Every structure is written in structure tokens, then in C-alpha cells.
Amino acid sequence: MRIMLVDDSKTIRRIQRGILEQLGYTEIEEACDGQDALSRTPAFQPTLILLDWNMPNMDGITFLKTFRQKDTTTPVIMVTTESEKTRVIEAIRAGVNNYVVKPFTPDLLQKRIRETLAKCGITK
Amino acid sequence: MNATLIRRFIEATQNVFSTMLATQITFAPPAPTSSISCTGDVSSIIGFSGDVAGAAALRFPLSTALKVVEAFTGEAFDEESEDFADAIGELANMICGGAKSNLDNACVSISCPQVVIGKDHKIQKPSDAISISIPCKTPHGDFFIEVSVRSSAAQSSAVSTAQPRAAAS
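Top to bottom, those sequences are chains A and B. With our numbering as the guide, the letters of the first sequence map in order to residues -10 to 113. With our numbering as the guide, the letters of the second sequence map in order to residues 4 to 172.
One chain only, chain B, in its complex shape (with noise of 0.2 Å):
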């Protein structure tokens, strides 16, 4: 998988995190899938198609999501409230919006958000798919966002090459 798309997605978490949650995020070492165990209680998950086709997840333990919900909103939602899905889901959308405008020279589209909510639910990846797990670090809990692309537009840079630039110990 393209390094840089690792980075891309790092770099507007972060930016998200920071411009509409006022919340300082790390992120450790991103790591194939099957090397992290991220089963979560509630996914964000985006398709990206064009130039990189795939999808991505933001996956958060249901304590964590309420929280960082709580900080994009300013208001406390439950896990079965409408408003909670929309804000978990308009986070994934800023996040993937954010990465895949600064792919360079890459035409790419992303579909609307959908969100699932279900205690340690897993996501099914399409068999011909690499999946990166980027691990999230922020006050409000720790979260893994999971980038999947189709093997057919997958490059050839090696993932170990996207080092985080403020990577947690």
C-alpha cells in the first residue's frame, strides 16, 4: 500500500481532531491488519473509489466514541440517538475528505459514511484487500482507523515507510 496514503489519512485526523474537537491526537506505529487485534463497538466506514479504491474505518470501543462525540458536538449523546451515528459518521467523512484531496495527482471519490454499532463487530474485508490499522491515541480514548485498498490499486511502497510525524511511544 501507497505510504502516502497512510500519511494523508494521519495528517487530516489530526487536523480534524484538532480544528473541530480542540483535541491534541498521537497515533502509534500503523501496522497491517491482521497484526492488530481492532475489533470495535462502533465503524465509521467510508469507500473511496477511482484512482485508489478501498474503504476506510474509524472503529472505536463505544466509551471512546461517546466521548470524542461529546467534544465534536458539545452535547452528550447515547449510542442509540441518531445525532451520535450522524457526528461519528460526519467525522469519517472529514477525515477521508481530508486525505484523499491531498493525494497529489490522484482523482479519487468517496461515498457517504455508514455506521455500524454492535459490540466487538468485525468488518469483512474484500479477499483481494491490504488493510492498514493506524492505532489513535487521544484524552478522550484510543481508536484505530483502518485503511483497505483493492490489491489491483494498491502501489508498491512498503507500509513501514509512513512513520506518523508525532508517532506516541
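In isolation and in its complexed conformation, chain A is listed as follows (with noise of 0.2 Å):
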């Protein structure tokens, strides 16, 4: 299982790993914004990817749209601030796979993710 990390904040990337890391996954990649990541995803090619809305460079958002332009089935959680219905919808629209509003617990991370695998068919 290999899992990308998509956030401009480095401590939000730590405290992701390490739940992530308690959960058993440890092939994961880090990305510091949407740039960042849509050079990365070719050569990681992540099972998952776990993705901040508000980044410098390239949100979010036009990651997401650019992402699924070529990829249609690799699951995407946004972890983000945003939590306004409408950023919810646009998220959806884009191709999100599930939702979690920061600040969150590691029980709600890790149960959003194994909820969106277990959506997708994915086993570890």
C-alpha cells in the first residue's frame, strides 16, 4: 500500500505519518502542494492519497481535477479546513473520495481511511 501525503504543512505530514505508521503503512510519500504532487504520482503511483485544499503553488482542488484527468480510480481523502457545504459539493464534483475537516483525531483519520478503502475494494 503506498500512500501520498499532499499538504503545505510539514507538521500536518508528521502527524499523518504517524498514524498512518500505527496503522502498518509505511510506504509513504510526501508532497508539499499540488505541484508537487502531480510530479511525484507517476513514479510513487499511490494506492491512496490523502490531500490538503489550501496550498501554495497549486491547490487542492486543481490538483485533484488535473489528478483525475488521467486517473480515475486511485482514492482521494481531502483533509482540509474547508468544511463549508459547497466546498464539499466542489470537492465531490472534482472527484474526492471522502472528507475530513481539520482538526481531526487519529480515530476519525484512520476511520475515514479504512472506510474509503474498504468503499474501493482495497485490501492491505
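Calculated directly from the structure, the hints in this document are not laboratory data. All figures in this text were calculated on a predicted structure; none of them were measured in a lab. A virtual CB, placed ideally from N, CA and C, is assigned to each residue, including glycine. Where hints are given, some of them may not hold.
[Claimed, not checked] In the SDA-like style, the derived pairs of lysine to any residue whose C-alpha atoms are separated by at most 25 Å in a straight line are:
hint: 1; chain 1: A; residue 1: Lys100; chain 2: B; residue 2: Ser114
hint: 2; chain 1: B; residue 1: Lys70; chain 2: A; residue 2: Pro95
hint: 3; chain 1: A; residue 1: Lys108; chain 2: A; residue 2: Ile81
hint: 4; chain 1: A; residue 1: Lys(-1); chain 2: B; residue 2: Ala25
hint: 5; chain 1: A; residue 1: Lys(-1); chain 2: B; residue 2: Ser84
hint: 6; chain 1: A; residue 1: Lys74; chain 2: B; residue 2: Ser84
hint: 7; chain 1: A; residue 1: Lys100; chain 2: A; residue 2: Val90
hint: 8; chain 1: A; residue 1: Lys(-1); chain 2: B; residue 2: Asn108
hint: 9; chain 1: A; residue 1: Lys74; chain 2: B; residue 2: Asn108
hint: 10; chain 1: A; residue 1: Lys(-1); chain 2: B; residue 2: Ser114
[Unchecked claim] The calculated label-pair distances, taken between Cβ atoms and stated as ranges, are:
hint: 11; chain 1: A; residue 1: Gly110; chain 2: B; residue 2: Ala25; range: 32 to 38 Å
hint: 12; chain 1: A; residue 1: Glu16; chain 2: B; residue 2: Gln127; range: 46 to 52 Å
hint: 13; chain 1: B; residue 1: Asp86; chain 2: A; residue 2: Glu10; range: 17 to 23 Å
Taking the hints as your guide, dock the two standalone chains into a single complex.
Below you can see the structure in the form of C-alpha cells.
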């Protein structure tokens, strides 16, 4: 299982990495914005992507729309402070599979990851 | 300034501190910045635009900022570290993001955080901005949240009605 963390905050990437490692996932790649993520996905071939919305250079929704032009199946969980209904709808339309609002507890993130993978028929 | 905006900042701050830092936080009554002395050593500033235009700044004494970052990340960083600035910035991002997301019927965008570190620095607000300071008290030390709204976007509600849910005496 290869998981890509896309967030401009190293702190959040570190917290997410810790949670994922507790779940037994160790193949983890980090990207600091949408552009960085786009450049890393071809080589890394992620099984799951955790994606922030507000980032410099390229935001999460722009990344998602670009990524979905080539990849319609890799599950993406948006992890963001953006919790307005209009934003959630925009993300779903762009192809997000699940949504976590910051701040999040480890339990909530673990739950969303498990349900997303199960929905997409991906086993560990 | 709209009292709802201040209330949303208080709620968002409580949520971030309880969820990410496992820390209880209380608030003294918000007041105009001119009546509170709130210089800081570490500031994390986020601009917002749209239906509400302005900025919010988390303003910490250095000793508080160091302890808050340690509670947030689980690691001790010194103030020279990029990780320290990143953590302080992310705290502001979550608080401002949470506050603006809970504003009913308002479309607001936020900027990426900017972090300023320097002993007793001041932040100059635009002359047309109305600024309110929210004193925050935690076991790690006290800090302030300064919310400034451009007067063209400020609303008529009196800030004195914005009493925090968990006000400390």
C-alpha cells in the first residue's frame, strides 16, 4: 500500500505519517503542494492520496481536477479546514472519495482511511 | 465588528486546542486591540477576503509558543527551526479555517499563513481596520488572537455581545 500525503504543512504531514505508521502503512511519500504531487505520482503510483485544499503554487482542488483527467480510480481523501457545504460539494464533483475536516483526531482519520479503502475494494 | 465572527474564532480555537493539543483553553472577554497591550514574540498571520475582508493573527510570547508547539507536534523545536514556524502557521490555518467555515451564508477565502518571529514586534493594521483582541489562557501560557476587519466589511453588531462560552475570570 503506497500512500501519498499532500499538504504544505510539514507538521500535518508528520502527524498523518504517525497515524498511518500506527496502522501499519510504511510506504509513504510526501508532497508539499499540488504541483509537487503531480510530479511525484507517476513514479510513486499511490494507492491512496490524502490531500489538503489550501496550498501555495497549486491548491488541492486544482490538483484533483488535473489528476482525475488521467486517473479516475485512485482514492483521494480531502483533509482540510474547508468545511462549507459548497466546498464539500465542489470536492465531490472534482472526484474526491472522502472528506476529513481539520482539526481531526487520529481515530477519525483512521476511520475515514479504512472506510475509503473498503469502499474502493482495496485491501492492505 | 460582527460578534458572530469573534464567537466563531473562539469556538474554532477551542476545537483546535482540544482536538490537536488535548489542551483546555479559556478566554477573557474580547476587547478592542487599542485597549489591550498585546505585543508578541511570535505571530502567525492569515488574511481573509470575500464577504469578510481582513486578517487574523495569533500572537504568542516565545515561551508560550514553544510549549504550544511541543504539545501540538509532540516534539520540542527551538524558534530557529523551520518546523517551529510551520507548526505555528498550521495552528493559525486550522483556527482561521474553522472560524470562516462556520460563518453562515458568508463566502470567505483565507490565505496561507505567514509567521513572524521577533521579540516584542508589533503588527501595523490598515487605518480602516477595526481590531479586536481575544485573550486566550492555556496551561502552556497565555496568548492573543487579534482579528482585524476592514471597515468596509465590518458589520454593525457590537463586539461587547461576543461573550465566549467558556470565559475565564
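Against the structure, the hints:
no., hint, in the structure
1, Lys100(A) / Ser114(B), "violated (29 Å)"
2, Lys70(B) / Pro95(A), "holds (21 Å)"
3, Lys108(A) / Ile81(A), "holds (15 Å)"
4, Lys(-1)(A) / Ala25(B), "holds (20 Å)"
5, Lys(-1)(A) / Ser84(B), "holds (12 Å)"
6, Lys74(A) / Ser84(B), "violated (37 Å)"
7, Lys100(A) / Val90(A), "holds (13 Å)"
8, Lys(-1)(A) / Asn108(B), "violated (32 Å)"
9, Lys74(A) / Asn108(B), "holds (10 Å)"
10, Lys(-1)(A) / Ser114(B), "holds (17 Å)"
11, Gly110(A) / Ala25(B): 32 to 38 Å, "holds (35 Å)"
12, Glu16(A) / Gln127(B): 46 to 52 Å, "holds (48 Å)"
13, Asp86(B) / Glu10(A): 17 to 23 Å, "holds (18 Å)"
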